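Colleague: Sequence:
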Amino acid sequence: MQPQTHYVIVAFETSLVPVPDFNLPAPYTCEVRQYERTSLDQIPERIRDADIVTLSILPLRAEVLDAAVSPRLKMVAVVASGTDSIDKEACRSRGIVVSNTPHCNARSVAEHTIALYFDARRSLTLTHSLIRTGQWIERKGLAKSLAGPDGKPPRTCQSETVGIVGYGAVGKTIESIAKNLGMKTLISGRKGQPTAEGRTPFDTVIRESSVIILCLPQNPDTVNLISEPEFKAMKSYAIVINVSRAGVMSEEALVAALKARNIAGAAVDVHSKEPAGPGDSPLFAPDTAELNLIATPHTAWVAENTNLNYQNSLIENIRSWLIMGHPKFQVV
Numbered sequence: 001m002q003p004q005t006h007y008v009i010v011a012f013e014t015s016l017v018p019v020p021d022f023n024l025p026a027p028y029t030c031e032v033r034q035y036e037r038t039s040l041d042q043i044p045e046r047i048r049d050a051d052i053v054t055l056s057i058l059p060l061r062a063e064v065l066d067a068a069v070s071p072r073l074k075m076v077a078v079v080a081s082g083t084d085s086i087d088k089e090a091c092r093s094r095g096i097v098v099s100n101t102p103h104c105n106a107r108s109v110a111e112h113t114i115a116l117y118f119d120a121r122r123s124l125t126l127t128h129s130l131i132r133t134g135q136w137i138e139r140k141g142l143a144k145s146l147a148g149p150d151g152k153p154p155r156t157c158q159s160e161t162v163g164i165v166g167y168g169a170v171g172k173t174i175e176s177i178a179k180n181l182g183m184k185t186l187i188s189g190r191k192g193q194p195t196a197e198g199r200t201p202f203d204t205v206i207r208e209s210s211v212i213i214l215c216l217p218q219n220p221d222t223v224n225l226i227s228e229p230e231f232k233a234m235k236s237y238a239i240v241i242n243v244s245r246a247g248v249m250s251e252e253a254l255v256a257a258l259k260a261r262n263i264a265g266a267a268v269d270v271h272s273k274e275p276a277g278p279g280d281s282p283l284f285a286p287d288t289a290e291l292n293l294i295a296t297p298h299t300a301w302v303a304e305n306t307n308l309n310y311q312n313s314l315i316e317n318i319r320s321w322l323i324m325g326h327p328k329f330q331v332v
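Residue 183 in this note's numbering sits at position 183 of the sequence shown; the count goes up by one each step and never skips.
No lab work stands behind these hints: they were computed from the structure.
Quick caveat, the model's predicted, so the values are computed rather than measured.
A couple of the hints might just be wrong.
[To be verified] Below, a list of computed lysine to aspartate or glutamate pairs in the EDC-like style, where the Cα atoms sit at most 16 Å apart:
| # | residue 1 | residue 2 |
| --- | --- | --- |
| 1 | Lys232 | Glu274 |
| 2 | Lys140 | Glu160 |
| 3 | Lys74 | Glu31 |
| 4 | Lys191 | Asp221 |
| 5 | Lys235 | Glu160 |
| 6 | Lys191 | Glu175 |
| 7 | Lys184 | Glu208 |
| 8 | Lys172 | Asp221 |
| 9 | Lys259 | Glu228 |
| 10 | Lys235 | Asp150 |
| 11 | Lys144 | Glu290 |
| 12 | Lys88 | Glu63 |
| 13 | Lys179 | Glu111 |
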């Protein structure tokens, strides 16, 4: 039997990251089938002839990874850092390789995080909304809307202690920017585990930080890492920012903490259901309109250099798999 040299590559989500020119090394060739978006019910038809699939956030569950549905599938190339949307056990059982593209969006996500920090600390989105509804005129002034539950005006960077939960490429970049802004930084250890050298115990980070940034992977150990007990332990002037995965923080507990004035504000770029809206997310219920809560539509990663980095890493993964037998950034 001749070794395979021609591959069908199916790109499920080109609306997120455009497909690069793969330009595979001889003797390998490929046919690329591109789809701007793919719904769950479209996966079986589109994956049937695929040798390699590329995607960013589309779920690939066990039923579509079954050999009866995707008989030719050999590689899942995720164009993102997180791979929690892929059933990795199903891939492992069939010998399907899974790769990701880490570090590509670190600068963009870090800068987005800092933007969210300033928005939340200065109540920018909240006061903008109040102006639009005529509240500046009615209340005569909105300066008090910037005060936290402690009744004090916003803190400046030099007065902030930033607790970073998750110390990968994004966490390290956030740390660098925060330090340049004059902030003190704490790098969190893992919850409920011995604290490694150079880290601060998780519970201490929760208690002592004025800004808590979540930029860690979601896995069984990190689901609901931040919930009611953590919010109650935070400082009243704390800001919480989640740019990782929605599951690491309870959305219901977050809204409750903001309503109870346990914390000063929050910002999220990730949501338990995406796209998110008023009908399916507690973050956008009618009674959250005057909370100091900023939400962006999972766009922290978006930047020109992010796309270029993603494309280059995707090409490297596929070429390395063909030539070396494993992708550069292998997950499974």
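Colleague: Determine for every hint whether it applies to the structure shown.
Modeller: A quick look at each hint next to the structure:
1. Lys232 - Glu274: Distance of about 28 Å is beyond 16 Å: violated.
2. Lys140 - Glu160: With a Cα-Cα distance of about 30 Å, the restraint between Lys140 and Glu160 is violated, given a limit of 16 Å.
3. Lys74 - Glu31: 15 Å, holds
4. Lys191 - Asp221: 9 Å, holds
5. Lys235 - Glu160: Satisfied, since the Cα-Cα distance of roughly 12 Å is no more than 16 Å.
6. Lys191 - Glu175: Violated, at roughly 20 Å.
7. Lys184 - Glu208: This hinted pair holds, its Cα atoms lying about 11 Å apart.
8. Lys172 - Asp221: Measuring from Cα to Cα gives roughly 21 Å; hence the hint is violated.
9. Lys259 - Glu228: 13 Å, holds
10. Lys235 - Asp150: 9 Å, holds
11. Lys144 - Glu290: The given pair, whose Cα atoms are some 13 Å apart, holds under the 16 Å limit.
12. Lys88 - Glu63: 12 Å, holds
13. Lys179 - Glu111: The given pair, whose Cα atoms are some 13 Å apart, holds under the 16 Å limit.
Checked against the numbered hints given earlier, this structure breaks hints 1, 2, 6 and 8; the rest are met.
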